[in-house]
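Asker: Chains as they are written, first to last, in my numbering: chain G, 11 to 482; chain F, 2 to 123; chain B, 41 to 478.
Since the hints were made in silico from the structure, they are not lab data.
Note that this is a predicted model, so its numbers are computed, not measured.
Glycine included, every Cβ here is placed at the ideal spot set by N, Cα and C.
Warning: the hint list may mix true and false statements.
To be verified - Facing chain G, from chain B, some residues (calculated, C-beta under 8 Å):
id, residue
1, ILE59
2, GLY164
3, HIS191
4, SER192
5, GLY417
6, PHE420
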Amino acid sequence: MKLIFEKSIPGRGQDIFPKCDVPVKMPNVKAKEIKARLPEISENEMGRHYTALAKRAHGVNDGFYPLGSCTMKHNPRINEKMANLPGFAKLHPLQPEHTVQGANELITELEQFLCEITGMDAVTFQPAAGAHGEFAGLLLIKAYHHDRGEAERNEILVPDAAHGTNPASATMAGYKSITIKSNENGTVDIEDLKAHLGPKTAGLMLTNPNTVGLFDPNIMEITRLVHEAGGLCYYDGANLNAVIGIVRPADIGFDVIHMNLHKTFSTPHGGGGPGSGPCGCKDFLMPFLPGLTCKDGKEYKRAEKSIGNLTGFYGNFLVNVKAYTYLLTIGKDVASLAQNAVLNANYMQEKLKDIYPIAFDTTCMHEFVIGLDPIYRKTHVSALDVAKALLDYGIHPPTIYFPLIVHEALMIEPTETETRETLDEAIEAFREIYDRIFNSPESVQQAPQTTPVLRLDDTRAAREPHLRYTFD
Amino acid sequence: MIDPKELKYSRDDEWVRYEGDAVYIGITDYAQSELGDLVFVNLPEVDDEVIAGEALGDVESVKAVADVISPVSGVVLEVNEELLDDASLINNDPYGSWFVKVGNVSETVELLTADEYDEYRG
Amino acid sequence: MGTFIPNTREEQLKMLKEIGYKDFDDLFKIIPDEAKVKGELNLPEGLNEIEVDRKVQGLANKNVVFRSIFRGAGAYNHYVPSAVDAIAGKEEFLTAYTPYQAEISQGILQSIFEYQTMIAEITGMDIANASLYDGASAAAEACWMCKDRKHSTIYVSGALDWRILEVIKTYSFGRESKVVVIPDKDGVTDADALRKALADDPEASCFLMQYPNFYGIVEDVDELCKATHEADAKFIMYCHPLALGALRSPGEVGADIAVGEGQPLGLGLEFGGPYLGFLSTKEENMRTIPGRLIGETVDTKGDRGFVLTIQAREQHIRREKASSNVCSNEAWCALRAGIYLSTIGPKGFEEVATLCSSKAHYMADELGKIGMNLVYGGEFWNEFVTTCPDAEKLNAALEERGILGGLPICDGNILWCCTELNSKEDIDEVIAAAKEVF
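Bound-form chain G, shown alone (with noise of 0.2 Å):
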């Protein structure tokens, strides 16, 4: 397919802007002389560039999508609706207080409501993103022990599951990393948790469930032990989907939180974000939060030791919006959420298991993880073979190498959002190109078949890189 760029005409076009109704007047500046070279294009031209480019996508409306821990679920077209009032789109984030009480009063009560999900005594919606919010509640930690004189805890515990986010923020936190083993069972080796443990930890950061889908049964020692050694411990988020309503963070001893709201509440996910990642803390931490924080639904105020800011203004509201329009909706029954959720990863588990090896072979939460290493290395069909044959039959496949503890990973999170008959679709994919592994390795190994370009050199891409379009 045609760039746009390669459907433009010199002097073509779309009327836009009207005549200027005042003198012209520019600043006086040396003068620009290299243009922009920006796509000359008619609207009708540009509309069926962008509907073949949509062609081209595949969202969770196109179809199924179970991308492990990233909880694609079904987007309500209220929550769209709602964020697109102008009530909301059109306000300047610098407006006067007196002129945003709706807005303010909103994000007040969407507040109240992840605190009472997560347990956690405030939330900050500054992070832009899950990964954001991650960054935000390390500087939390870090705050709150340099103000005790503890500057010296330089050291954030990782376990070797977590998401390659968890290291990464760590590091733009100043922080070290130190990586916890699991153990057989896929949790946290708790002999190598204190065996880390010491005057220097900072925190610990941990994704429970974690990411092959399990719930830590030793949860409560893992956060004694942590805050016994004097470190705090950090919760991230991206599973909360899998124990919503179920189990509060901030009751099983964690002291910090980011959630994704683009995971677990629902807002779509745009082709890569705008996400939303607020960030929860316990009373103590409060002092520290970044942003204006507003408790009384009217003033924002900045907290006394704040960290200072992580966005421009108060982070992505309109996704904030979604999510507590989400919420009004869902009230009081987000249990079910979490339920539905782990019985539909749970029935895929169950009716696969038979001829897919399963990394953890016990109860999963709300995802689920196939180690294919024991096929491929009879048949050298690869995670990434079944990834692409899925998508012949119209699925997006799950995440796969990852975690990086198992090998040759498939994880698959189906979400509470899918019916019965559209996992039964699934598993039968699944069942057929298992067959297909064995009858005709190649077939797997050759597709996809039926998508807009087959696959793809990721190698020619890295070592040739064109980031961009040459214009001749």
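With the hints as your guide, set chains F and B onto chain G.
Answerer: Frame of chain G, contents of chains F and B only:
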């Protein structure tokens, strides 16, 4: 590929070639085949110190990155700039693609002969 | 109660039984009892769609939407062409995740590749990334790109928006870099102070300035760029993207990195977000770029296609050594920016820059006539600072008329902003109101 007899090998899959007082360091055929198509290398700068057992740089494939562990302690005399432009040289000729030349060698990790290394990775 | 769970309770129970569980309690016995919530959460009853609609509309209606806006300071009231909302609203774009599986995500990937090209074009740089959270966080990431083993001190202009400075400082608290503010003099960076500071600091890594700056002034970028490069530091320009339709691009000036707030490119005011951080640079800095990059390649038939590339920089591979922790970005906002720039084209890009500048100059002249004079002498584009006898009183009077006046800043002065949406009539209305008040 047969591992050249004249080289020494570390258990972290680097090779070492002695030349006078200096050593050339690269990664083994086993290492490059495990990593797959390499797309980029990060090398130290001339005059940097390297420490035996610690990373002197890293190699990137499309989906992974691996540290290159220095088998010796010393000072970097030269880096192979060619690899910065074309990391595929390492895949095509691992024993011809040295990463760095190190001088003032003080310490060395335990090194294996070609036969010992073959057995270790066999 | 509303729900988006399709399976009925009976179906759920049937599925549970089929896989060997009595009920949900049985399924959740993997969680230790002591970890579970006791009793019910204190949340309201769920609502159906009409109830939700009514409640949220009620909140929206409590806010004031101004019909005429003269305030900028980081958020700009530009026209969003109809095509932007219509096209970006397609659910294939809206409901997709990050394009990890390239074959099924060519639409997303190509749209971002086109966006990267457009950002590189308007900033005059070689390459751009796939977006960052917002302008301020992009500025903080740009500063980090310049850090190496020997250079870590970040220098910024005192004429930089304090909100951007705040974010840079917050990031630096984490990354443990020193941030030094070069004072401003008569509304612009004191170039001599910059030269001196850089000369005295062998660890200087970069200097970041805003273009036009917080006070709306177009600074002498050549001088600042030269001073920075003389000290072997990197020159970062934080730009208003639409100003680049009138002003020389960072590439023409010789900057190392261009960043900025992409909100004016087809995004609304949105009470501050989601916005769009853009970042572009020279090719030599490719491997230190934070965030996603989309690259061109071919498929097994040799057809062109697009993939996420140079991923070994990123957190999911390099983990604690990653160039940044960015994972989710603002792809959908980047899509909007791409549609916006395609809609206005090169002609519109110049027109909108001309309109903003002309309106601002007209307004400054008219305000001057009633004694509200320009505070600074420098050249400006869309924003400018004037004196005001009583900013609070004036803004209150404007508010009564449905007008959001300029932003009161230090010393009782006002930072005004004009865009193509402010007609001559709108401007005259402000002048008339001011005449009435004073």
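Asker: Confirm or reject each hint.
Answerer: Hint check results:
no.	hint	result
1	ILE59	4 Å, holds
2	GLY164	6 Å, holds
3	HIS191	17 Å, violated
4	SER192	12 Å, violated
5	GLY417	12 Å, violated
6	PHE420	6 Å, holds
In this structure, the hints that do not hold are numbers 3, 4, 5, in rising order.
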